[in-house]
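A.B. asks: Since the structure of chain S is provided, determine the placement of chain A on it from the hints.
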Amino acid sequence: MAIAPALTGQPVGHRERGLLRTLTSRANIAWVIGSLILLSAGAVGVIIQVVPSLRHLYLNQDLEATLKPPLSPHHLLGTDNLGRDLGWQLIAGLGTSLAIGIGVALLSVVLGLIVGIFGGFFGRAADAVANVVVDVTWAFPAILLAVVLAGWIGPSLTTVILALALTNWAGFARIVRGEVLSLRERDFVNAARVLGVPKVLISVRHLASNLVPVTIVLTVYFIATSIIGEAGLTFLGLGIQPPMPSMGETLSTGREYISESWWPVILPGVLLVIIVLFLNGLGDHLRGQLDPRGRVQRR
Amino acid sequence: MRFALTRLGYAIIVIFLVSVVTFAALHASPGSVISSVLNVTTTPHSVVVAYERSHGLLDPLPVQYWHFISGVLTGNLGTSLVSNLPVAQIVRNSIWYTALLAGSAFLLTFGLGIPLGVAAAVTEGSWFDRVIRTVASFVLAIPNFVLAIAAVLILAVHLHVLPAGGAGSFSDLIMPAVVLAAEPWSLTVRVMRTSFLEHMSADFTRTLRARGVPEWRVVWLHVLRNAVGPVISLGILQIRNLLAYTLLIEVIFTWPGLGTQLVNSVLQRDYNVTLVLTLLLATVIVLAAALGDILLSLVDPRVRVNGGNP
Chain S
1 MAIAPALTGQ PVGHRERGLL RTLTSRANIA WVIGSLILLS AGAVGVIIQV
51 VPSLRHLYLN QDLEATLKPP LSPHHLLGTD NLGRDLGWQL IAGLGTSLAI
101 GIGVALLSVV LGLIVGIFGG FFGRAADAVA NVVVDVTWAF PAILLAVVLA
151 GWIGPSLTTV ILALALTNWA GFARIVRGEV LSLRERDFVN AARVLGVPKV
201 LISVRHLASN LVPVTIVLTV YFIATSIIGE AGLTFLGLGI QPPMPSMGET
251 LSTGREYISE SWWPVILPGV LLVIIVLFLN GLGDHLRGQL DPRGRVQRR
Chain A
1 MRFALTRLGY AIIVIFLVSV VTFAALHASP GSVISSVLNV TTTPHSVVVA
51 YERSHGLLDP LPVQYWHFIS GVLTGNLGTS LVSNLPVAQI VRNSIWYTAL
101 LAGSAFLLTF GLGIPLGVAA AVTEGSWFDR VIRTVASFVL AIPNFVLAIA
151 AVLILAVHLH VLPAGGAGSF SDLIMPAVVL AAEPWSLTVR VMRTSFLEHM
201 SADFTRTLRA RGVPEWRVVW LHVLRNAVGP VISLGILQIR NLLAYTLLIE
251 VIFTWPGLGT QLVNSVLQRD YNVTLVLTLL LATVIVLAAA LGDILLSLVD
301 PRVRVNGGNP
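Chain order of the listed sequences is S and A. Numbering-wise, our numbering puts 253 at position 253 of the first sequence, and it's gapless, one number per residue. Numbering-wise, our numbering puts 211 at position 211 of the second sequence, and it's gapless, one number per residue.
Calculated from the structure, these hints are not laboratory results. Fair warning: there could be bad hints in the mix.
One side of the interface only, derived from the structure: several residues of chain S facing chain A at Cβ under 8 Å [said to hold, decoys possible]:
#1 Val136
#2 Ala139
#3 Pro141
#4 Ala142
#5 Ile143
#6 Leu144
#7 Leu238
#8 Pro242
#9 Pro243
#10 Trp262
#11 Gly269
#12 Leu271
#13 Val273
#14 Val276
#15 Leu277
Now the in silico label distances, taken between C-beta atoms and shown as ranges [claimed, not checked]:
#16 S:Asp187 / A:Thr134: 41 to 51 Å
#17 S:His56 / A:Thr194: 47 to 57 Å
#18 S:Ser53 / A:His158: 34 to 44 Å
#19 S:Asn60 / A:Thr134: 37 to 47 Å
#20 A:Leu107 / S:Ser259: 40 to 50 Å
#21 A:Thr134 / S:Leu23: 29 to 39 Å
#22 A:Leu5 / S:Gly288: 36 to 46 Å
#23 A:Asn93 / S:Ile33: 46 to 56 Å
These numbers come from a predicted model, not from an experiment. Glycine included, every Cβ here is placed at the ideal spot set by N, Cα and C.
Chain S extracted, bound-state conformation (with noise of 0.2 Å):
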């Protein structure tokens, strides 16, 4: 059945241009440029934790060359406590993080934009039982939920992904209810139910699809919130447990031998606001494409 573009709600293709000279335009050639960077260095570090003849880069002790700084031989950014090379460390440390980041940040996402759609067209009692649901998770703070789901399956790495993931989440409940609210009442939605469309069609095609900009520009910068809580949950030793390398591990074990050498903590530290700063400033430069009106707030 053939209805206009404007009423499906497609977007109308006056800006359709090719995929790939979108991606290298002058403004956008440096983002994309620094994503594979972060993408590839996270790629490499997710490897040589899966790889098991690969693992002794960054797990190979040696207790001759413990604290050793950084430029020393063999070790161009120094070691840790174990004599552990701290590059290879923080490469894979960046791995477990952008992993972590990525999947929180999809989990986040998803649940969100149930909940969200779900309470803002299902009718007043589904928008009641939501908004109960999100109140109640609003009221732990990342920290607060992680304590809970550590003393319920202990700390570990699920630990920190439900954590994060159950905090961020409600928060993006709550914006796209808010979008939904404005789109059901918009002449797509509603030519679409007079045409007998079942609701549930209706929130993947016609709402999921409308809030796809708000939901990429979120997720860069869930990203980015998801990689600092993982570092500050593993610092307070409620997160990733030793063997495994991510970015709080490395800050935590670091923070023991602060008044014997800074490179162990300051290092990760340092990577860790590169990281951030990058994703943050991605998320802006995305938001000034896709989100001009700027109904997304950081933060």
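C.D. replies: Only chain A this time, still in chain S's reference frame:
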């Protein structure tokens, strides 16, 4: 008034659900309460059962929850499984430290944030404005525990000007309070500056000027009063973040507040303490959000229409 009562009633329902969820999660854990007290594998089974019976751990969960919540409402918070101290005493011992730290950070945030934001707005485009804005965005990019570590490294380890931790004297408070205030401070400066600039060019400001009201009255009376609104809503939102970050900062600076207590109790599997402290903090957050909505509804009647859900 009606809005305030509905909002508070709703907050109480949310707090009740929060307590159910927390209680269920902590008591349904695989390494249950008992294993934090006794070594289950070596203790005779009869002793384990006797302990469970005497502490009511064999009752169905709803019954256990009822015992717990009626105890809380009558002022009996139970005893710590690790130290055997009453939980109420543990809370009393640490709550003032947290209040002092969070309160100082709150004062620093707004005491320094609002004037500096206004000053930056008044001198828009000057070197002062640029310095303030640069510092604010720089501080915003650094996670506060990284800032804390850097501060310890520079000020305590290398320069020896401030202590690295503890809570014995005033100088112990300076570093944690400043680190804790850094992020909300930079947000306050930004919001205050933007809001002030917006109101400086608003219609009512132009009318006041046209009527010959002196410039200092326009700026310090009318613009400031109107521009401070967004900062108040930001402040209410920040209470939640401030509490969450207090927990983290306390641990880093070994500040003996609720956060240090809470993290220790989790790591020692001291369920009774964990439960009470978690509920206490969650309750403060829910109540702060409710009070914030009520405050805003007094200032801005539009809030009342959609029940505080923007």
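A.B. asks: State for each hint whether it applies.
C.D. replies: Evaluated hints:
Of the supplied interface hints, the one on Val136 of chain S holds, with its beta-carbon coming within about 5 Å of a beta-carbon of chain A, less than 8 Å. Annotation: Ala139 of chain S was flagged as interfacial toward chain A, and the flag holds, the nearest CB pair being 4 Å apart, inside 8 Å. Checking Pro141 of chain S against chain A: minimum C-beta separation of about 3 Å stays under 8 Å; hint holds. Residue-level restraint check for Ala142 of chain S holds (minimum Cβ-Cβ distance to chain A is 7 Å; threshold 8 Å).
At about 5 Å, the closest approach between the beta carbon of Ile143 of chain S and any beta carbon in chain A falls short of 8 Å, and the interface hint on this residue holds. Among the interface hints, the one on Leu144 of chain S holds; its C-beta lies about 6 Å from the nearest C-beta in chain A, closer than the 8 Å criterion. With its C-beta approaching chain A no nearer than about 7 Å, Leu238 of chain S sits inside the 8 Å limit, and its interface hint holds. Evaluation of the Pro242 of chain S hint against chain A yields a violated restraint, the C-beta minimum of about 14 Å exceeding 8 Å.
For Pro243 of chain S, the shortest C-beta to C-beta distance to chain A is roughly 18 Å, which exceeds 8 Å, and the interface hint is violated. For Trp262 of chain S, the interface hint holds, since its Cβ comes within 8 Å of a Cβ in chain A; the closest pair sits about 6 Å apart. For Gly269 of chain S, the interface hint holds, since its Cβ comes within 8 Å of a Cβ in chain A; the closest pair sits about 4 Å apart. Interface restraint check for Leu271 of chain S: the shortest CB-CB distance to chain A comes to about 10 Å, outside 8 Å, so the restraint is violated.
Interface restraint check for Val273 of chain S: the shortest CB-CB distance to chain A comes to about 5 Å, inside 8 Å, so the restraint holds. Hint status for Val276 of chain S: holds, given a least beta-carbon distance of 6 Å to chain A, under 8 Å. With 8 Å as the threshold, the beta carbon of Leu277 of chain S comes within range of chain A, its nearest partner Cβ sitting at about 5 Å, so the hint holds. Restraint check, Asp187 of chain S to Thr134 of chain A: a C-beta distance of roughly 46 Å satisfies the suggested window 41 to 51 Å.
Evaluation of the 47 to 57 Å hint for His56 of chain S and Thr194 of chain A yields a pass: the beta carbon distance comes to about 52 Å. Hint check: Ser53 of chain S to His158 of chain A, Cβ distance near 41 Å, so the stated range 34 to 44 Å holds. For Asn60 of chain S and Thr134 of chain A, the Cβ-Cβ distance of about 42 Å falls inside the hinted range of 37 to 47 Å, so the restraint holds. Between Leu107 of chain A and Ser259 of chain S the C-beta distance comes to about 31 Å, which lies outside the given range of 40 to 50 Å.
One distance hint, 29 to 39 Å for the beta-carbon pair Thr134 of chain A and Leu23 of chain S, holds here, with the actual separation near 31 Å. Evaluation of the 36 to 46 Å hint for Leu5 of chain A and Gly288 of chain S yields a pass: the beta carbon distance comes to about 43 Å. About 54 Å separates the C-beta atoms of Asn93 of chain A and Ile33 of chain S, a value consistent with the hinted range of 46 to 56 Å.
Violated hints, listed in ascending order, are 8, 9, 12, 20; each of the other numbered hints is respected by the structure.
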